[in-house]
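**Student:** Start from chain A and add chain B according to the hints.
Number of protein chains: 2
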Amino acid sequence: MAEVTVGVDLGGTKIQAVVVSDRIVVGQSRCATPKTDAGDVMAGIVASIRAALDTAGKGPSDLRAIGIGTPGSVDAATGHVSKASNVPGFMDDVPLGPTVSEAFEGTCVTVDNDVRAAVMGEYRNGAGRPYRNLLGVFVGTGVGGGLILEGELRHGLGNAGEIGHMTVRPGGRRCSCHRLGCLEAYAGRMSIEQAARHHVDTGHKTKLFEIMERKGRDRLTSSVIAEALDQGDRLAIDLIDAAIEALGLALANANNLLDLEAIIVGGGLGDRLGEPFVRRVEQEMAKNLRIPERPPAVLQTELGDLSGAVGATVLAGG
Amino acid sequence: MAEVTVGVDLGGTKIQAVVVSDRIVVGQSRCATPKTDAGDVMAGIVASIRAALDTAGKGPSDLRAIGIGTPGSVDAATGHVSKASNVPGFMDDVPLGPTVSEAFEGTCVTVDNDVRAAVMGEYRNGAGRPYRNLLGVFVGTGVGGGLILEGELRHGLGNAGEIGHMTVRPGGRRCSCHRLGCLEAYAGRMSIEQAARHHVDTGHKTKLFEIMERKGRDRLTSSVIAEALDQGDRLAIDLIDAAIEALGLALANANNLLDLEAIIVGGGLGDRLGEPFVRRVEQEMAKNLRIPERPPAVLQTELGDLSGAVGATVLAGG
Numbered sequence: 000m001a002e003v004t005v006g007v008d009l010g011g012t013k014i015q016a017v018v019v020s021d022r023i024v025v026g027q028s029r030c031a032t033p034k035t036d037a038g039d040v041m042a043g044i045v046a047s048i049r050a051a052l053d054t055a056g057k058g059p060s061d062l063r064a065i066g067i068g069t070p071g072s073v074d075a076a077t078g079h080v081s082k083a084s085n086v087p088g089f090m091d092d093v094p095l096g097p098t099v100s101e102a103f104e105g106t107c108v109t110v111d112n113d114v115r116a117a118v119m120g121e122y123r124n125g126a127g128r129p130y131r132n133l134l135g136v137f138v139g140t141g142v143g144g145g146l147i148l149e150g151e152l153r154h155g156l157g158n159a160g161e162i163g164h165m166t167v168r169p170g171g172r173r174c175s176c177h178r179l180g181c182l183e184a185y186a187g188r189m190s191i192e193q194a195a196r197h198h199v200d201t202g203h204k205t206k207l208f209e210i211m212e213r214k215g216r217d218r219l220t221s222s223v224i225a226e227a228l229d230q231g232d233r234l235a236i237d238l239i240d241a242a243i244e245a246l247g248l249a250l251a252n253a254n255n256l257l258d259l260e261a262i263i264v265g266g267g268l269g270d271r272l273g274e275p276f277v278r279r280v281e282q283e284m285a286k287n288l289r290i291p292e293r294p295p296a297v298l299q300t301e302l303g304d305l306s307g308a309v310g311a312t313v314l315a316g317g
Numbered sequence: 000m001a002e003v004t005v006g007v008d009l010g011g012t013k014i015q016a017v018v019v020s021d022r023i024v025v026g027q028s029r030c031a032t033p034k035t036d037a038g039d040v041m042a043g044i045v046a047s048i049r050a051a052l053d054t055a056g057k058g059p060s061d062l063r064a065i066g067i068g069t070p071g072s073v074d075a076a077t078g079h080v081s082k083a084s085n086v087p088g089f090m091d092d093v094p095l096g097p098t099v100s101e102a103f104e105g106t107c108v109t110v111d112n113d114v115r116a117a118v119m120g121e122y123r124n125g126a127g128r129p130y131r132n133l134l135g136v137f138v139g140t141g142v143g144g145g146l147i148l149e150g151e152l153r154h155g156l157g158n159a160g161e162i163g164h165m166t167v168r169p170g171g172r173r174c175s176c177h178r179l180g181c182l183e184a185y186a187g188r189m190s191i192e193q194a195a196r197h198h199v200d201t202g203h204k205t206k207l208f209e210i211m212e213r214k215g216r217d218r219l220t221s222s223v224i225a226e227a228l229d230q231g232d233r234l235a236i237d238l239i240d241a242a243i244e245a246l247g248l249a250l251a252n253a254n255n256l257l258d259l260e261a262i263i264v265g266g267g268l269g270d271r272l273g274e275p276f277v278r279r280v281e282q283e284m285a286k287n288l289r290i291p292e293r294p295p296a297v298l299q300t301e302l303g304d305l306s307g308a309v310g311a312t313v314l315a316g317g
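Line order of the protein sequences matches chains A and B. Mapping to numbering that gives the first Met the number 0: the first sequence position 129 is 128, numbers consecutive. Mapping to numbering that gives the first Met the number 0: the second sequence position 30 is 29, numbers consecutive.
Same shape as in the complex, but just chain A (with noise of 0.2 Å):
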């Protein structure tokens, strides 16, 4: 009999799965996702699917569906991806969808965009359960976000919810896409990693590089950067301020022009630094709401790192 919804988030580093019964987390899966090519990539999301089930003493022939939160451009009539460049060979046109269900005789599979589907993880199982009107920000390498309003998850166009190109800085940073100022190019780890490494080439002193090398990374991951801040280091410091001064404006900016219940926040970085990054965003977008008496609610996920593939089991029915 089927039972069980397995949700599975795609991601550039990991592919993480959880098995859901009744709302219920009772197994889940997580690796490396691998740099090879997009079938190496959909064998290790079936391989994950499969671990998943086992840690919750259930098989193939308990599922109900799947669903699957991807990066990239996600034509949910057709689970095909594309344009999802930080997975080996999601460039291109990959059948993900029709795949993963092919090696499950015909499950059901439902694809749509990762941040997305964070977002309805937090909204159905998480920190927005009270509230009908939410915004979800989530801040990793990029910073992505997903609307609810009314109860519903908005798409828009397709495209919802990017508050990571909201314009914060008429004319500042360079951003990923191209244009100047936006969100990302400030609170995306990756930015910051790019304005880290400028300020180092321009003499500026600090422990961020040493500190990555020291874990053996080869970028300032989340706790790279935690660490830089619990030391003390003043470019960390300099590049996190800014990161919160325009998480604050942008929040701001959607609040006042949605009116919200709530904000959530997100994302690697955000679950890292935690409640007193999260509490230094909310005072910095105080600052700039229309009605500041009856701000919304900033609150951490719930869910932490299993936000998306929580949701992706809420987008396909379960």
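Note that these hints are calculated values from the structure, not bench results. Possibly wrong hints are sitting among the right ones.
One copy or any two copies: either way a pair holds, since identical chains are not told apart in the list.
Heads up, simulated SDA-like pairs for lysine to any residue below, C-alpha to C-alpha not over 20 Å straight-line [unchecked claim]:
#1 Lys214 to Met189
#2 Lys286 to Arg173
#3 Lys214 to Glu226
#4 Lys82 to Pro291
#5 Lys286 to Arg178
#6 Lys286 to Arg29
#7 Lys206 to Asp229
#8 Lys206 to Glu226
#9 Lys34 to His177
#10 Lys82 to Asp36
#11 Lys286 to Pro169
#12 Lys57 to Ala46
Since this is a predicted model, take the numbers as computed values, not measurements.
**Tutor:** Here is chain B on its own, set in the frame of chain A:
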């Protein structure tokens, strides 16, 4: 037999009433807003409604319902209004809905925000007809806005759509709301006038106030600004350039967040400066879009200064 709906747009300078039958405007009336007290303003509204019915060859017995769009804070449940600083006596609590209802023998009166009424008018009967996801921005004394998402007018917690108070220039010009750098501080007519006076005080030359006096006005109306632009007045050109830049940025930010189908630009200044102004706003917006190859349609209002009154009939179920 009840068959027509009346809509009223209450403003600081005029009261506009329309009579609508089967979505067609069949009568209208306009008068100056009394400058005395709330009682006179409400009497003026009642007189406007009677005059509009007259032009349609109808009487009070033909009234199905009345809708009123008003500035200020509206209690939709009771029809009371307060905090409307530009309508005499309307800073205090005014029983607008009940008073007008009583004057028409208990006819149902719906009271809502004037800008939201105008957006509703354009959505149902004007430029917004082909769309289900749109933002209306009304550039007048201040800058107001309203959102239709998935075919429904959004209220949020009561103030959704306040695009005028999105920050476009952190640390920039002081706004009427006391914060710095709001859209309204650059694009609202009153802010433009303040900036012009400040520039004159600091030695700038302009024909703006000469034109104002010649036209017998005591403020820089939209038509004064339009004439100065026509005469190539440098200060007027610079101020409108700044307004367009601010509008382009705010609209791009709103669109990046909401992924809209259309943006409608109206209001006293928007309507007066017309199509060339709207096209320049569109070009400025395009620079800041996340997905420039799929811009929203940017449109003038179709109903012009009747948007609000027609929209009020829609809010009244007409």
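**Student:** If a hint holds in the structure, say so; if it doesn't, say that too.
**Tutor:** Hint check results:
no.	hint	verdict
1	Lys214 to Met189	within (18 Å within a copy, 57 Å between copies)
2	Lys286 to Arg173	between (25 Å within a copy, 14 Å between copies)
3	Lys214 to Glu226	within (10 Å within a copy, 66 Å between copies)
4	Lys82 to Pro291	between (40 Å within a copy, 17 Å between copies)
5	Lys286 to Arg178	between (26 Å within a copy, 8 Å between copies)
6	Lys286 to Arg29	neither (40 Å within a copy, 41 Å between copies)
7	Lys206 to Asp229	within (11 Å within a copy, 59 Å between copies)
8	Lys206 to Glu226	within (9 Å within a copy, 60 Å between copies)
9	Lys34 to His177	neither (26 Å within a copy, 53 Å between copies)
10	Lys82 to Asp36	within (14 Å within a copy, 62 Å between copies)
11	Lys286 to Pro169	both (19 Å within a copy, 11 Å between copies)
12	Lys57 to Ala46	within (14 Å within a copy, 74 Å between copies)
In this structure, the hints that do not hold are numbers 6 and 9, in rising order.
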